[in-house]
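**Q** Okay, here's what each chain looks like letter by letter:
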Amino acid sequence: MTALLDTPARVTGRTPRSTSRGGTAGKVAGYTLLIVLSLAVMIPFAWMLSSSLKQNNQVFTVPIQWIPTELRWENYAEIWDRIPLWTYLGNSMILSVSVTALQVLTGSFAAYGFAKVRFPGRDALFLAYIATIAVPWQAYMVPQYIIMQKLGLVDTHLSLILLQAFGAFGVFLMRQFYLTIPDELSEAARLDGLSEYGIWARVILPLSKPALASLALLTFVNTWNDYMGPFIYLTSNDLWTVQIGLRAFVGLYDAEYAMIMTGSVISVVPILTVFLLGQRYFVRGIATSGLK
Amino acid sequence: MTVLTSTARKRRRTTLIGWSFILPNFIGFAALTLVPVVAALALSFMEWDSYSSPEWVGLANFERMWNNANFWVALKNTCFYALGHIPLTLVAALGFAMLLNRPLRGVGLFRTALFFPYVTSLVAVAVVWNMLFSPDLGPINQFLRAIGIDNPPGWTTSSDWSMAAVVLTSVWRDMGYYMVLYLAGLQTIPPELYEAAKVDGAGAWARFRNITLPSLRPTTFFVVIMLTISSFKVFDLVQVMTEGGPGRSTLVLSQLIFREGITQGRFGYSSAISMVLFVIVLLVTLIQFRIQQRSER
Chain A
3 MTALLDTPAR VTGRTPRSTS RGGTAGKVAG YTLLIVLSLA VMIPFAWMLS SSLKQNNQVF
63 TVPIQWIPTE LRWENYAEIW DRIPLWTYLG NSMILSVSVT ALQVLTGSFA AYGFAKVRFP
123 GRDALFLAYI ATIAVPWQAY MVPQYIIMQK LGLVDTHLSL ILLQAFGAFG VFLMRQFYLT
183 IPDELSEAAR LDGLSEYGIW ARVILPLSKP ALASLALLTF VNTWNDYMGP FIYLTSNDLW
243 TVQIGLRAFV GLYDAEYAMI MTGSVISVVP ILTVFLLGQR YFVRGIATSG LK
Chain B
74 MTVLTSTARK RRRTTLIGWS FILPNFIGFA ALTLVPVVAA LALSFMEWDS YSSPEWVGLA
134 NFERMWNNAN FWVALKNTCF YALGHIPLTL VAALGFAMLL NRPLRGVGLF RTALFFPYVT
194 SLVAVAVVWN MLFSPDLGPI NQFLRAIGID NPPGWTTSSD WSMAAVVLTS VWRDMGYYMV
254 LYLAGLQTIP PELYEAAKVD GAGAWARFRN ITLPSLRPTT FFVVIMLTIS SFKVFDLVQV
314 MTEGGPGRST LVLSQLIFRE GITQGRFGYS SAISMVLFVI VLLVTLIQFR IQQRSER
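Those protein sequences? They're chains A and B, same order as listed.
So the mapping is simple: my numbering equals the position in the first sequence, first residue as 1, plus 2.
So the mapping is simple: my numbering equals the position in the second sequence, first residue as 1, plus 73.
Okay, chain A solo, but in the shape it has when bound (with noise of 0.2 Å):
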């Protein structure tokens, strides 16, 4: 079913000469409504980039300068120096990168449990999972805290790592993703000779790597883009991520525009990268959590 998003939407099966007639003029309109409309939604990050290659004094002017007229990429080079940006930068992506890892290995081989594996309790067990997708984090954010501060992780790396990389959403995804596998396959890996755990790896790990993809690329953005979960427990300015450094930079110096949009031109272009190489697993992954 989601593979048809790669594919074009489907041509309507008309004469050609009436689409040479009415569904030129149809598709003009279409194109530039798109066009416009596309432009409209990135105004934004146009802003965003032309300012971060200006002076301060010339981020609001009227009229407002698209292109300014000396482009300032020292401040591409003097950013380093204001924030411990590198800093910044490694932190979200230890955090990013470990809360991937567990969330995709724990994820996958509890799904397995849930989709393949028959055993009293089990549908019983799923919908507490399932509920608990929708209690908002912020119902029980307190009771979490109060035990990592009993544990002493509060101001840790780890302590968001342990919150994170449990998530029920993985879970969830991936068991969607194995129902679609037929079981004949399992039963037959079965009849080989295979354990549950060898079907796991062998067997279903390799048809289930579009799923992967899109749960580690869904848990990747979302966990360099957390504020909340930073914001609460890392109060050490060493241990901070990108978006906590760059929002306390924006509290200190409101007035020096440019290097802001600098600083947020930095933070967006990892996750953009990983954004456009992986960016048909994304939608798959989206659409899966979507139907049922």
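Quick caveat, the hints were computed from the structure, so don't treat them as lab data.
Fair warning: this is a prediction, and the values are worked out from it, not measured in the lab.
You can trust all of the hints, since none of them are fake.
In silico lysine to aspartate or glutamate, DMTMM-like type, Cα no more than 25 Å apart, as pairs:
| hint | chain 1 | residue 1 | chain 2 | residue 2 |
| --- | --- | --- | --- | --- |
| 1 | A | Lys29 | B | Glu265 |
| 2 | B | Lys83 | A | Glu189 |
| 3 | A | Lys29 | B | Asp273 |
| 4 | A | Lys211 | A | Asp185 |
| 5 | A | Lys29 | B | Glu268 |
| 6 | B | Lys83 | A | Asp185 |
| 7 | A | Lys152 | A | Asp240 |
| 8 | B | Lys149 | B | Glu136 |
| 9 | B | Lys83 | A | Asp125 |
| 10 | A | Lys152 | B | Glu120 |
| 11 | B | Lys83 | A | Glu186 |
| 12 | B | Lys149 | B | Asp233 |
| 13 | B | Lys83 | A | Asp194 |
| 14 | A | Lys211 | A | Asp194 |
| 15 | A | Lys152 | B | Glu128 |
| 16 | B | Lys149 | B | Glu316 |
| 17 | A | Lys211 | A | Glu186 |
| 18 | A | Lys152 | B | Asp122 |
| 19 | A | Lys211 | A | Glu189 |
Since chain A is already given, all that's left is putting chain B on it; use the hints.
**A** Relative to the frame of chain A, chain B by itself:
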């Protein structure tokens, strides 16, 4: 010890194997999600701060909440945000999905562009929009003046308009995500339905109303529930864009829970507020379920 029959032994073995798959995830899930969820419920009936030991106080926390102006302001603001965010995002997402679900060259490029705000760093989004909304020289108000609006709103600096600014930003950020869900839904509609309707002389609007919308009902159901959950727990964007201000004009429930529970250390009272948040989300979701069930019959 009784002798197990071979089927019973086999069943026990399967159960053990099943659990062994789930366990690595379940340990973390149980300790850090399941237990806290139950604890939050219990805490909401207790008086507990970082210095004292927990004490059962019945409904005292809820009573205090009822008489607290901050709570009502936050509740009102959260509802206002949800009422703006849910329908606007839904319409924008559906509109873009309809536009993209056509045989046009380069559709993938547009899809990427429209999805991009969703993956962009939250702080970058908040910071850029804050500047775009800047009252005197910001691009948005320059544009509004150029089209003849002499007194454009003060956006994030005005307590009347700050929530509108947050809503607009959040719609811009989230619509791409739901657009992808709608695109997936649109592609499951068999083209024959449209062909048949065209033969019967149904116009574009009639086809949209009688085929597209009903066929998308399961998607819309899912989208509305996801939007509801995410609207009521909004925090990040508000915290970075306005910090709940100016005044209390954008204070939302999550921020109140954060301030009371983690900044002030009033664990019991903040848990009571979070129960209210949970019950609201649950009620809206249940109502959605009922509507969905009724329309299926």
